[in-house]
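Numbering-wise, the sequence shown is residues 42 to 269 according to my numbering.
Note that these hints are calculated values from the structure, not bench results.
Among these hints, one or two may not hold up.
Stated by the list, open to error - Here are the simulated SDA-like cross-link-like pairs (lysine to any residue), alpha carbons at most 25 angstroms apart as the crow flies:
#, residue 1, residue 2
1, Lys-142, Ser-60
2, Lys-218, Gln-254
3, Lys-43, Ala-75
4, Lys-183, Gln-254
5, Lys-266, Ala-217
6, Lys-246, Leu-264
7, Lys-142, Met-66
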Amino acid sequence: MKLLLIEDNATMQTTLRRSFERRGMQVLSCDDGARALALWQASLPDAVLLDLSLPGMDGLLVLSQARAAGLETPVIILTARGTVGDRILGLNTGADDYLPKPFDLDELEARLRALVRRSGSADHTTGNADRGPVWCGMHVEKDSGAVYFAGQPMELAPRELSLLQALLGKPGHAMAKERLFELVFPGESQVQPEAIEVVAYRLRKKIAHTGAQLVTLRGLGYLLKAES
Numbered sequence: 042m043k044l045l046l047i048e049d050n051a052t053m054q055t056t057l058r059r060s061f062e063r064r065g066m067q068v069l070s071c072d073d074g075a076r077a078l079a080l081w082q083a084s085l086p087d088a089v090l091l092d093l094s095l096p097g098m099d100g101l102l103v104l105s106q107a108r109a110a111g112l113e114t115p116v117i118i119l120t121a122r123g124t125v126g127d128r129i130l131g132l133n134t135g136a137d138d139y140l141p142k143p144f145d146l147d148e149l150e151a152r153l154r155a156l157v158r159r160s161g162s163a164d165h166t167t168g169n170a171d172r173g174p175v176w177c178g179m180h181v182e183k184d185s186g187a188v189y190f191a192g193q194p195m196e197l198a199p200r201e202l203s204l205l206q207a208l209l210g211k212p213g214h215a216m217a218k219e220r221l222f223e224l225v226f227p228g229e230s231q232v233q234p235e236a237i238e239v240v241a242y243r244l245r246k247k248i249a250h251t252g253a254q255l256v257t258l259r260g261l262g263y264l265l266k267a268e269s
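Make the full structure from the sequences, and use the hints.
Put into structure tokens, the structure is as follows:
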């Protein structure tokens, strides 16, 4: 299951993300309403956990605009606003379920899986057949090899694109500098090994807005990690 977690409390977000990842889910997380909507449109998750108190654009507006855009992803609202009126408003806006804080994690998981089973979204997500896995809002189109962020193609030089494609294949895992050099400069024996550092430097600046970091591991290579 691919889950989009929209929660602005850093402690709650980290706790939920780690808990669901341990339960075998792929978790995308975001703490800002406008960016959450863009990430939702780009990643087409199987389910959404949505907090209502978000900076910039509150959760109800995010949900309303998502439904208006035709996004039918099952949504569970998680919020401290637990009155009957709040629940009715959330459900009328397009939520499928509502769980007030504090909640039991096992109950939340059971509700999530039940919603996904009823919707069939884990097996029949539309518009996603030509996409690779989504990570930090980025994905590689299987046919073209282009990298997209929030539904828009990223403007990258060919070698920057090759490096990002390689790293997106194993986000969160270190890749040796030598292996990346082979992928970015295939068959170019005249190029010095240090050239990969220049490409990494340029790529690092171009992905700074995505919430991903390109980290240098001295003596090991590079990895992509989500900003903490």
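The hints, checked one at a time:
1. Lys-142 / Ser-60: 16 angstroms, holds
2. Lys-218 / Gln-254: 16 angstroms, holds
3. Lys-43 / Ala-75: With Cα atoms ~20 angstroms apart, Lys-43 and Ala-75 stay inside 25 angstroms; holds.
4. Lys-183 / Gln-254: Answer holds: Lys-183 to Gln-254 is near 23 angstroms, not above 25 angstroms.
5. Lys-266 / Ala-217: At roughly 15 angstroms apart (the allowed maximum being 25 angstroms), Ala-217 and Lys-266 satisfy the hint.
6. Lys-246 / Leu-264: Holds, because 15 angstroms separates the two Cα atoms, which is no more than 25 angstroms.
7. Lys-142 / Met-66: 21 angstroms, holds
Comparing the model with each earlier hint shows no violations; every hint is respected.
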